[in-house]
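Protein sequences appear in the order of chains A and B.
FYI, the numbering for the first sequence is 68 to 392, going by our numbering.
FYI, the numbering for the second sequence is 449 to 842, going by our numbering.
Think of the hints as simulated: they come from the structure by calculation, not from any bench.
Where a beta carbon is used, it is the ideal one built from N, C-alpha and C, also for glycine.
Just to be clear, a hint being listed does not mean it is correct.
[Claimed, not checked] If you only want the chain B side, here are some residues facing chain A, beta carbon under 10 Å, derived: (1) Lys450; (2) Asn451; (3) Ala488; (4) Phe528; (5) Ser604; (6) Thr609; (7) Ser742; (8) Tyr743; (9) Pro745; (10) Glu804; (11) Ile806; (12) Pro814; (13) Leu824; (14) Tyr831; (15) Tyr835.
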Amino acid sequence: MAAMNMLQAVNHALVLAMEENERVMVLGEDVGHFGGVFRATSNLQQTFGKARCFNTPITEQGIIGFATGLAAQGSTPVAEIQFADYIFPAFDQIINETAKFRYRSGGQFSCGSLTIRTPFGGGIAGGHYHSQSPEAFFAHIPGIKVVIPSNPYQAKGLLLASIRDDNPVLFMEPKRLYRASVGEVPEGDYELELGKAKIIKKGTDITLVAWGAQVEIIEKAAVMAEEQGISCEIIDLVCILPWDAEKVCRSVCNTGRLLINHEAPETAGFAAEITTKVQQECFLNLESPICRVCGLDTPFPFAHEKEYMPDHLKTFEAIIRTVNF
Amino acid sequence: MKNRNHVSKIGSSHIFKIIENALTDIPMFSLLQENGCLHAEVSDCEINKNTAAKILQTMHYIRILDERMVAAQRQGRISFYLACTGEEAAIIGSAAALLPQDMIMSQYREQGALAYRGFSTQEFMDQLFSNQRELNKGRQMPIHYGSKALNFMTISSPLGTQIPQASGYAYGQKMAGEPAVTICYFGEGAASEGDFHGGLNMAAVLNCPVIFFCRNNGYAISTPSEEQFAGDGIASRGIGYGVKTIRVDGNDALAVYVATLKAREIALQKQSPVLIEAMTYRLAAHSTSDDPSSYRPKEEESLWKHRDPIVRFSNWMKQKGWLDETAIANFTEHTKEQVLAALKEAENVAISGIDEIIEDVYDTPPWHLKQQLSDLKTHIAKYPKHYPRTSGRL
Chain A
68 MAAMNMLQAV NHALVLAMEE NERVMVLGED VGHFGGVFRA TSNLQQTFGK ARCFNTPITE
128 QGIIGFATGL AAQGSTPVAE IQFADYIFPA FDQIINETAK FRYRSGGQFS CGSLTIRTPF
188 GGGIAGGHYH SQSPEAFFAH IPGIKVVIPS NPYQAKGLLL ASIRDDNPVL FMEPKRLYRA
248 SVGEVPEGDY ELELGKAKII KKGTDITLVA WGAQVEIIEK AAVMAEEQGI SCEIIDLVCI
308 LPWDAEKVCR SVCNTGRLLI NHEAPETAGF AAEITTKVQQ ECFLNLESPI CRVCGLDTPF
368 PFAHEKEYMP DHLKTFEAII RTVNF
Chain B
449 MKNRNHVSKI GSSHIFKIIE NALTDIPMFS LLQENGCLHA EVSDCEINKN TAAKILQTMH
509 YIRILDERMV AAQRQGRISF YLACTGEEAA IIGSAAALLP QDMIMSQYRE QGALAYRGFS
569 TQEFMDQLFS NQRELNKGRQ MPIHYGSKAL NFMTISSPLG TQIPQASGYA YGQKMAGEPA
629 VTICYFGEGA ASEGDFHGGL NMAAVLNCPV IFFCRNNGYA ISTPSEEQFA GDGIASRGIG
689 YGVKTIRVDG NDALAVYVAT LKAREIALQK QSPVLIEAMT YRLAAHSTSD DPSSYRPKEE
749 ESLWKHRDPI VRFSNWMKQK GWLDETAIAN FTEHTKEQVL AALKEAENVA ISGIDEIIED
809 VYDTPPWHLK QQLSDLKTHI AKYPKHYPRT SGRL
């Protein structure tokens, strides 16, 4: 084991994947010699050569289209989109091409070896275009998986699993944890199963669900709630698509209450999908309405970022309201 | 309907030939040599003393502003800054050739164009400190300026998105019969985005009075231009789309000014787009978030430091007998004081009140935004210390 931050963990996973399989290639804007704007791809070009880790022109649609073709031919591309806010020129490729590649060809062709890495989320004073959390757009698309780690251990194990998974995976990295989140990470190879949520803490009164950087927010709120005698069960969803409905529903059947926290705007956010499924599966166990604590339905603001964020205090207040319903 | 024959203009040949480069040597229009002397063949050029003096003054102004604000970011007073050092001639020389009614759609490194238009030091500072006086209401990161009054469209970070918008804006100007053009700035890296291709092609097909101004400064963050494109720069693409094209020395303010003046004339009179590729060098880091020493050699930077566009233009002004060194020295000193005073003032102005968070999402806030604001205000009132920048004014 070694102490690593999330960037080091991502880098470690990429090194292992490239060492193991020479068809693994890393591409994206500034990922080469420079090692990416966050340094997640540091030294990959120096170690594995320019043919396997290379800068691309600034064209997100080009990057994903290229990587989709590369995957279809039999390579294992790991494409980086510099910020999730800039993934939208590639939306057409991801939605209409990558996600439908296998289905439309009756299984003859596949780009399942493709992994798309992209940093997302707020907390770095990034304003409109360096802060967004677009996971719900991609959760709406059959044919891709959406994975979001919340600590370095998960980042490495999930990224290795994503690279080796035979489906295109959108791997969303919560950038405010890149250096802030440090933890023990095995130096060897390991994978964490995709599609599995993680129960961080058992509890009896309310289930709290979040993913990525918001996990630590609900943990903080849970500490405040515990001081009021409220026992919280905390779940890190880890995967948005497919998501671990079984684990969440089992938890809610026990606690009778559910709060979901995400940074993305409330309307049509992924919390809405979880809510629908849980009320369907746990209707007779519910003691109170399912509660969402989310970003506002505004563009991500710069000066008002603190007010915009679904922070621990908003979460704590919502826990109290839900328990006292 | 008329008969069409899309091959009618193409000659045929019985010789098999692969075309590797039909556009050999797109030359770079240049008037000033590196020492500031006019090229021998050039007698004089169409610029008056006042314009030349304003170009020089604005270049000095921006150099001071950039240096001070990079330092302010290092001190933690603002979160982000982005300098245009080395590219002042390309930006300011082109802006000087426009008229106030022309729309400017910039990328994010064209603060010089905004300054030339008359954006005040205080307006710069209010934006950089995202306070409540800021014209965009503090909604974006520092350097995302915008001014309706100065016909300078608010900046958006995503690359290249302004290019097709500029074509559309210019088409609207044409349809409205306005005696105005749109200039659209972008870097050679942004020209790799799909929006560049869509924007140029539409402008050409729809005859839009737009000037596409590419600052080819050699780098897109860390990526050198040889990893960005394999063809002859950006100029060759204009020709491919049927857009009239000029390549210019971007460190020669005079050549940039003259080229843009001509481009504007063509755009307006012929109602057609023009592409200008200004060859320059980003002496600055991409932004305060990167350190260029990790991706380019110091010697390369030194080479371009010797091609400083301000020095070159000053030398020409001097030879012309137009340089007032005392006036420049006074202006420099005054600007330094003014920047510092405006900075201190801006950092003490509050951010917008929280009611502004839901304004301008739509023309009027719908019910759900009003509800969210109401809930937010109740929450802030309960935890005022946690939201100190807005809790005092609920």
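Check each numbered hint from earlier against the structure, then list the numbers of those it violates in ascending order. Violated: hints 1, 2, 3 and 9.
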